[in-house]
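Residue numbers (the numbering used here), protein chains in the order written: chain A, 723 to 969; chain B, 504 to 1312.
Treat the hints as calculated values from the structure; they're not laboratory data.
Small disclaimer: the values here were computed from a predicted structure and weren't measured.
There's no promise every hint is true.
Unchecked claim - The list that follows gives simulated cross-link-like pairs (lysine to any residue, SDA-like), each with its CA atoms no further than 20 Å apart: (1) B:K1308 / B:S837; (2) B:K1187 / A:S909; (3) A:K826 / B:S837; (4) A:K904 / B:S837.
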Amino acid sequence: MTVIISKEHGTVYKTLTGFGTPEERIRADQLDQLVEHTINDLVGKLDAENLLPKAAGQGNVSCYWKLGKALRSITDHTDLITTVELPLLWRNVKLYLPPTLLYKDRGVNREHLWYCYRLASYSYELVLKMKWSQWVTLFDSDGINQEARFDTWFGKKLTARTNELSRGEIRSFVPLVNTLLKNIELSQFNNNEVTACYEACWQLMNKMGSVPMDKVKKTVSSDVKMFDSLINLTITPEQYADEILKK
Amino acid sequence: MTSLVGVSMPQNDKALVDQIIRDYENDAPGGIPHGLQKDAIQNGIGAANSKSYRDWTMCFELITIDRQWALVFWDEGTCGLTGELLATTDIENRMNAETLGPNDRYARFMSRFVSGGNYGPGMFGRGKLVFTAASKKRRILIDSYRNDGQYIATERWLDGVTLKQLEVPKLGSDAHDFIKQRTSQKLQPLKKPGTRITIFNIADELVEYFNNSFLQLPAYKNSMAYAIEETWWELLLKYNLKIALIKGSNQMDISLNSPLSGIINAKDGIDSFRAFDKQNIPVTIGGTQYRIKQIKLVVSPEELDDDLKGVWVQRKGMKIGSISRNMTVNNRISNRLSGFMTLESDLEQIIENAENPTHYGLIYRSQGMKQLRDALRSAIDEFESALGLSNTASNVRSQKQLMEVLKELNDAAQDLGLATQDSFGLNRSLFDIIVKSLLLPTSGTLRVDFGENVGPIEYEIHNHDDVDYEGKFTVCIKQTGITPVNIHDSDVSIGARSLVKVGISAFSLLQAQFVTGKATIEAVFTAPNRTPAKAVRTIFIGEDPIPLVAAPVSLILQCRFPHADTRRLEITDVLSNISVKVTNNTAHALKVNLRSVVRYAENKSVGRPPIDLFDLCNQNDIELPANSELLYAITDIIVDTNRFAPILQSSLHISERTCEIYAAVHLRETCAALGLRRAQRLNKATVRFYLEVDPPGQSIFSDVQESNDPTDVRQSWYKAEGSGYTFFLNIGHPTYIIYEKVANELLSKQYKQQQMITQAYMLAIENDIFKGNAAEYKAGITDQNLAPIDIIRRFSEMLGMGLFKAAGM
């Protein structure tokens, strides 16, 4: 697939591997029109709802969820772009987004538009249970950033919650995930094993109380036997958390 | 001796013109159209009658001739194409005799690559051909009204692959008629002295570029008017130069506009600009003192476009190129910082040699460039400090400086004979030694006490070549400060593409031969005129091992490149002798998974992640006994249009043409004794290669880091990490601390440079790579029969050479 990434000095087409065939460029033009229309429509709606940020990075979770939803409407209802080409789509989208909806460049894996897109995979009710900055903290985590299975698991956790998550909870949960999954190649785990890891960190977050975070992290990092039992599913995540906190 | 009679070497002018187009497309921000205005005005300025450019004007006009677009430009207030009106054959004779002087403007214009003097059209070899390159028909017309009253006209065109021109110019009324006839009466003879060039049937992009001049931003940014403004702003301001663009009834006089005018005229604190101005800065080059006339730095309120970002150098009133490339600037202002540097005329002459032939961009390793960049570095530091951005933690500043030193060394690597990352592994051995098993007295530890036995050891020597070899296989134990102890020495015959097993019986570690501490068991196979193969294992004599210094598992990915000294591959080339060596560095058995693929390398600028192209090796549940190694040979990779199709169809740009062999090893089962978890990545390795493009200027080190260890006597060191080497600077070393106390940026930078060069040479020696100026030191450093003191002396000389060159001497 081919995408338009610049119009400053003439139209610049790009695929992940080159410039695209003439036919693909025609499709890229169609995609570009769709993007322009979608973004203009979105900006109008955000403006009407008074959700447009006053400056870059100052939007709230509602605003960014709606942006993500608009981006998803482009990918979900056309065959003009595939998931692997999303980084190119972001460049096309940025041609039309007002500066206040943009965010500073934080690298390929921490792309603001990718985060919005990912956020929109959750229902609107669920995303409101956390502030935007908490979502960013979560998506920034090395053990979560590239793992789509996290969203499935986390959606269920959020559904089960009646109240909002606090900043403190996310600030505890993310370092535990980072410690438990440090240098782990998650693609080598099946769904149950991945879920067990996230669930164990969730349990630890809920149960650790006043135990210092550094102590918990140290035990998580060093006790590889318990980790083995956890991913072999011979103990439950709850038992894992209890055992770690006992040490 | 009989003297030979020769004829001129045939030349393909068409290819030459095409090459010039490519050069400008690579160097100039706007390609040929940008280059055309630069060369045209440069020539016009060179021929000006007055140094103050009084009465000097230059016009560019877009007209149609025979229903095709043509670009006409002419100067006035100039002397015209002066000098003797020689026939082309006579010009050749004068060229051979090197007697064309500055005043022979006509002769120089009618010859190629003759600069002769420094004035007037024709002084720059390339400009003349840029004009030809701008014509789709490769045809230009030249007429000149000389200040001696002569009127001349001539024409140049490409015929097949040869550039042709009139043997002698048309003169006087013939010239008048010629001009009118060749332009279908669209042009009349010049009325004032000057020179006019007419480019027939100009390229479409040039028409658009010209037309954009009459539009508003953002189209104006991609126009000839903006290009002139950007290139000649200094003279436009200083002398109120008159340069005009004409199309039909529209005429535009070039003046300085926003955003450029905002930057050039910026005053600190006015209109939200911050500005820094420093003048008459002394620099010493080759023992002579020169002066930088001015460094002006400006931070704009808005983020700048790429063409205005950074600091550029001016020469003869013309913008040349960036001098701030690779220079780290506080990220709060890096996207808004702009500026320029002007030089006194003697310094301009030195810097002219650093310009590339298109006058766009500078070659940083050229004489004087280091001094100019040091001066700019100091200015940026001062400016940042004035802006309150110098609160950066000193270690961050120091790290920043380390990166700068590395970048400078990378640029100078070739000169210094330093090996870059891409050099490593190019001279891969045809052999491999594998430690199949190494028995130590106590399982689970690398400790061996005096009197205990080491071994037996089983080795395999692999020959990857298609011929038989006779070689020598030796095994010895090495410890710091102790003469190596030989434990095996044998002659080995090894058949083509086969392996030989060598078993070594257990031997006792005698206290008389060794000391307490770390030791390495080194096995080497040497065959005449071939790169030796080596396998090294570590043990600890009489003491417990230091907790895992190296990774628990090492991964060495190797292959043989088809062309010497480059990782560039062409279609049908073959990457051969590919192997992955997995080494268990621990005293525990490990179970691992190994995966190796060829992939299309990541391109961060378009957000492309690495894309797998095809699998090379997928081995699961590998049993890796303690202290053992496994070698996996991989089928050769042929660069074909099938598997590499997406890459071969992409543009010939380095970021689009980079592939890599990637290998990673993950733990299959948790190893509690080592604290390693299942699925944990133990190591990875990559070997990059480039399809149909030359590799980029590679880095000597893949990373630079600081280590604060006051107990470590080493000032610096390097370590293999991933697919490269990391340089470490010990900032806890007392010598470094003394340098830091002096608080002099340049001294501190010099210290880092010295340390980095030292480690870079050591790295090169370890990899047996002696390139360029370092090559002559190889024999004196690698000869095993030399006394240690002689080797150290030679190393010291090589280091001195490197420092000498790095100082720009």
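Does the structure break any of the earlier hints, and which numbers would those be?
1, 4
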